[in-house]
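**Student:** Model the placement of chain V on the given structure of chain E, informed by the hints.
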Amino acid sequence: MESITPSNLFRERSDSRAVGSGRGEWKYRAFSYLVLTVCALTMGVPFIWMLSTSFKPEKEILRRNFFPNQATVDNYSEVVTETDLPLWYKNSFIVAVFSTISVAFFDSLAGYVFAKYQFPGKRPIFIIFLTSLMVPTEMLIIPWFIMSSNPPIGGTWVDTYWGIAFPGVITASGIFLMRQFMQGVPDELLDAGRIDGVSEFGLYWRVAVPLSLPAIGALCIFNFLGNWNAFIWPLIATSKSEMFTLPVGIQLFSSEAQTPWNLIMTGASLSVVPLLIVVIIFQRYIIEGIALTGLKG
Amino acid sequence: MIDNPDKSNRANADKGFRWTLARRKVVWAYIFLAIPIIFFAYIRIYPALFAFQMSLHDYNPLAAEQPYVGLENYEKLLDELNKRKSPTKAAFQNTANYLLLGVPIQLCLALMISLMLNEIRFMSTFYRIMFFLPFVTSTIAIAWVFRMLYQPRFGLINVMLQLVSLPQQPFLNSPKQALPSVLSLVIWQGMGFAVIIFLAGLKQIPRTYYEAAEVDGASRWHTFRFITLPLLNPTIVFLLVLQTISFLRMFAPVLAMTEQGRGGPLDATTTVVLRVYREAFTSFNMGYASSLTVVLFVFILIITIIQLRVTARRIN
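Respectively, the protein sequence lines represent chains E and V.
Position 59 of the first sequence, counting from 1, maps to 58 under numbering that gives the first Met the number 0, and the rest follow consecutively.
Position 168 of the second sequence, counting from 1, maps to 167 under numbering that gives the first Met the number 0, and the rest follow consecutively.
In short, the hints are calculated from the structure, not lab data.
Don't take every hint at face value.
What the hints assert, rightly or not - Below, a list of computed lysine-lysine pairs in the DSSO-like style, where the Cα atoms sit at most 30 Å apart: (1) V:Lys175 - V:Lys82; (2) E:Lys89 - E:Lys239; (3) V:Lys202 - E:Lys26; (4) V:Lys175 - V:Lys88; (5) V:Lys24 - E:Lys115; (6) V:Lys175 - V:Lys75; (7) V:Lys84 - V:Lys175; (8) V:Lys75 - V:Lys88; (9) E:Lys121 - V:Lys24.
Isolated chain E, as found in the complex (with noise of 0.2 Å):
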């Protein structure tokens, strides 16, 4: 399955393959153009309808109009202001951050030694490292949360950052796609530097890390919103308000009998918008790497 790795997900399209040009082409042309239209239109009005209520003062939820007759924004400071939302933001972003971190590095070098280190048990250890991603995070949420309660190390794991984030530290999915890149590093280039008296660590610094930004970048990247979007772990390992993360707490928000519908809206609002802030820092990022890893696939 070489053709999935994530950076191929955003490779542009060098060609158009038009298929018998000519007869009747412009028809099916424009009856592609209607049926993607729509189903774009589709994919973006729930977005547009959580923004408009989101700028909706509270007498107009139950009314049927589209877009808000006095826009407010009246909501935004009321959950800033009155909710741990606040809190979540930072939560969400502390841990999504910190678990991006970590995997950048420890994916990366595992990625990097499964590549071009030959030892003795590699392919046990590389099997045991894949056969984990079968197993499905469901079927380790109990144990997890027993572990969290009474771990080796500290108190307890429940309503810390360290206990959200561990399950994601380091993933196997990562160390794959980090191998086949790092595959991609010349010997010649390392050998090089070991007769130089670089050391084996320096070799992953300033070596193979520097030639695998692309695909360290991409794997940042769905990393970070995989973390940012994580929630079955999450609702476990919280149970104060002040711990939660973003999705834990949006769910949350309505524990009461009413559904503040105007203030969720809000909620998911600001929750999608740092996810387009990252996608568009890293856009140029991202194409540049699928450049690269295009070249072997």
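**Tutor:** Only chain V this time, still in chain E's reference frame:
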């Protein structure tokens, strides 16, 4: 550390140098892998075995003892499945329904969209981003948006139905419509991923095949049927497996879209993982919940083995 072999040593036998280097590399490989090995052993492998073990105990974290009960949890599971009606049975039935409806619908729609998207140039990046957007959005956030869209009276869908003079629908409040309503969200959200993977797969098909077909005057349908579809087979198998597993693990949308996250009305939307969650963390029947996760694991294992078999056969 012999990081810096000094120059006089270089004159030494080449063989000796290589031996040292090889051994040094083994040592470093293990130093670099130490933390990942500990991590996988302690955070992935040990808990998986622990889950098996828990499923053989009457495991209640609040109780003083966790007595060994053998296969009792699995017997209880079979009993529940044999009852005419039970939450566990509903969970398995619904999960099967989500999967058997969701995977084909999602893949067919995604294939159609990616075929169209593959042939256009104008605005193609825009469409791509639109399809990918839901996939990178938090499921919980967007499930709440859909829950509001489905509301009676003020929900957007019922408002639109009224605009075109169609009868109002209960959606999430009706035992019949609730499952398709939740399923729509899941299909909607996962679509972009399937589209992107299909597009990557379509890109791998050599262009010359299409040119040859064009020269032979093959129709669009024939080109699709005899070139695109067979060559896209690996991508289809890959997506089939991935989406099946993700439907088996369905949880967050049901929790967010149903009243108090119970998977109602009348267990109409509940899933296996939702049962696991409720049994383990509201009833604290962690032994029984673990036996459910073991069954889930076995399903995923079977699917993965089938995938490996299919993929291996193609290589031969």
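**Student:** Hint by hint, say whether it matches the structure.
**Tutor:** Hints, one by one, checked against the model:
| no. | hint | verdict |
| --- | --- | --- |
| 1 | V:Lys175 - V:Lys82 | holds (21 Å) |
| 2 | E:Lys89 - E:Lys239 | holds (14 Å) |
| 3 | V:Lys202 - E:Lys26 | holds (24 Å) |
| 4 | V:Lys175 - V:Lys88 | holds (17 Å) |
| 5 | V:Lys24 - E:Lys115 | holds (10 Å) |
| 6 | V:Lys175 - V:Lys75 | holds (28 Å) |
| 7 | V:Lys84 - V:Lys175 | holds (16 Å) |
| 8 | V:Lys75 - V:Lys88 | holds (12 Å) |
| 9 | E:Lys121 - V:Lys24 | holds (12 Å) |
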